[in-house]
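Residue numbers (full-length UniProt numbering), protein chains in the order written: chain A, 1 to 242; chain B, 1 to 217; chain C, 1 to 271.
Quick caveat, the hints were computed from the structure, so don't treat them as lab data.
No false leads were slipped in.
Calculated lysine-lysine pairs in the DSBU-like style (CA-CA distance at most 35 Å, straight line): (1) Lys209(A) to Lys100(C); (2) Lys48(C) to Lys129(A); (3) Lys129(A) to Lys100(C); (4) Lys43(A) to Lys72(C); (5) Lys162(C) to Lys129(A); (6) Lys43(A) to Lys90(C); (7) Lys48(C) to Lys140(C); (8) Lys209(A) to Lys123(C); (9) Lys79(C) to Lys129(A); (10) Lys48(C) to Lys90(C); (11) Lys90(C) to Lys129(A); (12) Lys129(A) to Lys72(C); (13) Lys209(A) to Lys43(A); (14) Lys107(C) to Lys129(A); (15) Lys162(C) to Lys140(C); (16) Lys129(A) to Lys140(C); (17) Lys43(A) to Lys107(C); (18) Lys100(C) to Lys140(C); (19) Lys107(C) to Lys90(C); (20) Lys209(A) to Lys107(C); (21) Lys123(C) to Lys129(A); (22) Lys140(C) to Lys209(A); (23) Lys107(C) to Lys48(C); (24) Lys79(C) to Lys43(A); (25) Lys162(C) to Lys209(A); (26) Lys43(A) to Lys100(C); (27) Lys72(C) to Lys100(C); (28) Lys93(C) to Lys72(C); (29) Lys90(C) to Lys72(C); (30) Lys43(A) to Lys93(C).
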Amino acid sequence: MTGPLWQLFFEGVWITIQLMVYSALLAGTIAFGIGMARTSRHKSVRFLAGVYVEIFRGTSALVLMFWLFFALPLLGWQLAGIWAGTLALGLSYGAYGSEVVRGAIQSVAPAQREAAIALSFSPWQRMRKVILPQAVPEMMPPFNNLLIELLKGTALASLLSIGELTFQAKLARLSTGESAQVYGIILVMYFVIAFLVTRVMRLLERRAKASIGQKPEKAGWFSRKLPVEELETQIAAAGGNR
Amino acid sequence: MNTWSWDYVGEIMPQLLEGLWITVQATILGSLVAFALGLVWALALRSPVRWLTWPVSAVVEFIRNTPLLVQLFFLFFVLPSWGVTFGPLTTGVIGLGLHYSTYTAEVYRAGIDAVPAGQWEAATALSLPRRRTWTAVILPQAFRRVVPALGNYVIAMFKDTPMLSAITVGDMLFQANSIGATTFDYMEPITMVGILFIVISYPTSLLLRALERRLVR
Amino acid sequence: MSADSTPSKETANPAVDGSELIRFDHVTKRFGTNTVLDSLDFTVSSGKHVTLIGPSGSGKTTILRLLMTLLKPDEGTIKVGGQYLTHEEKGGKLVPAGEKHTREVRKNIGMVFQQFNLFPNMKVLRNITEAPVHVLGLSKDEAEERARGLLDLVGLTEHIDKYPTQLSGGQQQRVAIARALAMRPQVLLLDEVTSALDPELVAGVLDVLRDIAHTTDITMLCVTHEMNFARDISDDVLMFDAGRVIESGSPEKIFTEPEHERTREFLSAVL
Chain A
1 MTGPLWQLFF
11 EGVWITIQLM
21 VYSALLAGTI
31 AFGIGMARTS
41 RHKSVRFLAG
51 VYVEIFRGTS
61 ALVLMFWLFF
71 ALPLLGWQLA
81 GIWAGTLALG
91 LSYGAYGSEV
101 VRGAIQSVAP
111 AQREAAIALS
121 FSPWQRMRKV
131 ILPQAVPEMM
141 PPFNNLLIEL
151 LKGTALASLL
161 SIGELTFQAK
171 LARLSTGESA
181 QVYGIILVMY
191 FVIAFLVTRV
201 MRLLERRAKA
211 SIGQKPEKAG
221 WFSRKLPVEE
231 LETQIAAAGG
241 NR
Chain B
1 MNTWSWDYVG
11 EIMPQLLEGL
21 WITVQATILG
31 SLVAFALGLV
41 WALALRSPVR
51 WLTWPVSAVV
61 EFIRNTPLLV
71 QLFFLFFVLP
81 SWGVTFGPLT
91 TGVIGLGLHY
101 STYTAEVYRA
111 GIDAVPAGQW
121 EAATALSLPR
131 RRTWTAVILP
141 QAFRRVVPAL
151 GNYVIAMFKD
161 TPMLSAITVG
171 DMLFQANSIG
181 ATTFDYMEPI
191 TMVGILFIVI
201 SYPTSLLLRA
211 LERRLVR
Chain C
1 MSADSTPSKE
11 TANPAVDGSE
21 LIRFDHVTKR
31 FGTNTVLDSL
41 DFTVSSGKHV
51 TLIGPSGSGK
61 TTILRLLMTL
71 LKPDEGTIKV
81 GGQYLTHEEK
91 GGKLVPAGEK
101 HTREVRKNIG
111 MVFQQFNLFP
121 NMKVLRNITE
131 APVHVLGLSK
141 DEAEERARGL
151 LDLVGLTEHI
161 DKYPTQLSGG
171 QQQRVAIARA
181 LAMRPQVLLL
191 DEVTSALDPE
201 LVAGVLDVLR
211 DIAHTTDITM
221 LCVTHEMNFA
231 RDISDDVLMF
241 DAGRVIESGS
251 PEKIFTEPEH
261 ERTREFLSAV
271 L
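Here chain A stands alone, though its shape is the one from the complex (with noise of 0.2 Å):
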């Protein structure tokens, strides 16, 4: 690989992590938005953030991302291509990304609530300063979960023409033919990547932990988690009759 070639995946690299970085900002609001009003107490609120869940997890990130960028227009609006992608992630991620709101603020002892109605908050106090802060340490190992799979999704603008590391790596690969060397060299970068972003969501788990008294868990060697956690409550639920 000659110098030009780097350049061009360090180029990649810095627009793969600027569409993780933007799509990750939109999925999040997204996510507490919509995860909180699952919890509304009104049935209407919970029902309609209940239908935007069940349509962008419905369907597929990618079909998404071609109605933005090839369809819409249609209708007047043309996205460029980097805010399709970023908000066909957002809006998909954001739909994960309230399940786990939605589980971790379910996952907080009732009794916390009764507590903070006993002392007079209104709802919003309650969620804001009682429930919230319990529930967002929950939340980091799922997110970082999720934040991998944003990573990995960013791949799918490239077929937008977006420069990003995976458009990059076409171009690379028509210009050398060398098909192993240049896609084994990205997939490491995204390798490193999804490294980085792990350790760094571990820290800020250890610090949201620490800052309501509690100890973090251990974890492995890529210390990524995947949501074995639910998956290991299914199961022992499932486990049940036997």
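Once you have looked at the hints, place chains B and C on chain A.
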């Protein structure tokens, strides 16, 4: 400004359904690969032999933490240069199955861990051979527990099949794109693909949740 | 209105003159087909310490949870300080109360829970100051001063900077008492506050409560299995069975010469 035309939808539907059939094939075949290969990883990772567990866990982590799309490109462009030529669909099925096997491995692991220690002890007390313990005692109990979780990954795989269009597999998205490229009207084809995805994946996930509840009881 | 200088009052309090503070009017509460409270009537005068006793499942805790608005009655009304708790009057009609009205009336009521329910994300001091600052609108300094006074009262001044998980159960419960008192409620609800504690930690919590009962004129409604404590602090004891008050009176009367057969059975089982 374009208006929605049901006539146009009617015209393109046969081609989209053709794509849907490919999508379904890819999902089913990919699932079979993922189920089988995942079990291999899970058993290898439980092996007491370090030189086996370490490389397997490295490979599994690597595949799980890198994009499926790039893995598909790798298989599609690199395998032929190694003298292995598969059709696009076969390559796609291998890619999907390989990628998701790293997730199903984790599901099996959790399922096996959830079998109570007493079951192992009872098998030992009966002097069952190791192989028999696995096939007659542990795995049957583990499989029962993992069905809903595996089902969720099948749905996830289904939603990832549009990526196969990037390696020229004629799935739904591929068909929609080729229709759009000739008519310059992407609205109906891509919208219909999105709707078809929801129409299939939402009831399936409801079905899975019902199954899960039944298993819980 | 009596002038008083006890630490639990600073707001004008209409309820220290022995007038009626809590009124249950034909309150019925069902869980599914199980009627826990059956058209219950009772009143509590301000400043009184009332203990509810009775077998488990007799509806004692339900009464406290109704007063705290953690539950809603199926029928009947509850008044606190002359105001409807779960209803409000609109155009001469009684309608279910909105969140705002409920919160306003609820401010007069504090509760200490069986499981303490301290907020694990806040240190001891903030557990106590959070509601006074953000609900009552006290300044941070005022609230902290109040909290320090209360921590002194419950004997935990040195633990002010710890998280709840770093405290013993008894210490957590004393913080929870301080937290409830920091709101200067007219009514303090105590829901089996010692049941979750190790036996050796019970005395410390009860001493604090005795102290509060004897030195303040706060109205207390107490569900407990500690009969000696009930005898010590109560003005009135209400014996519950199957969702009704079957007997009430001074602790001397109830504990020494109960009239009702069920009361005798219950007391001989717990004493």
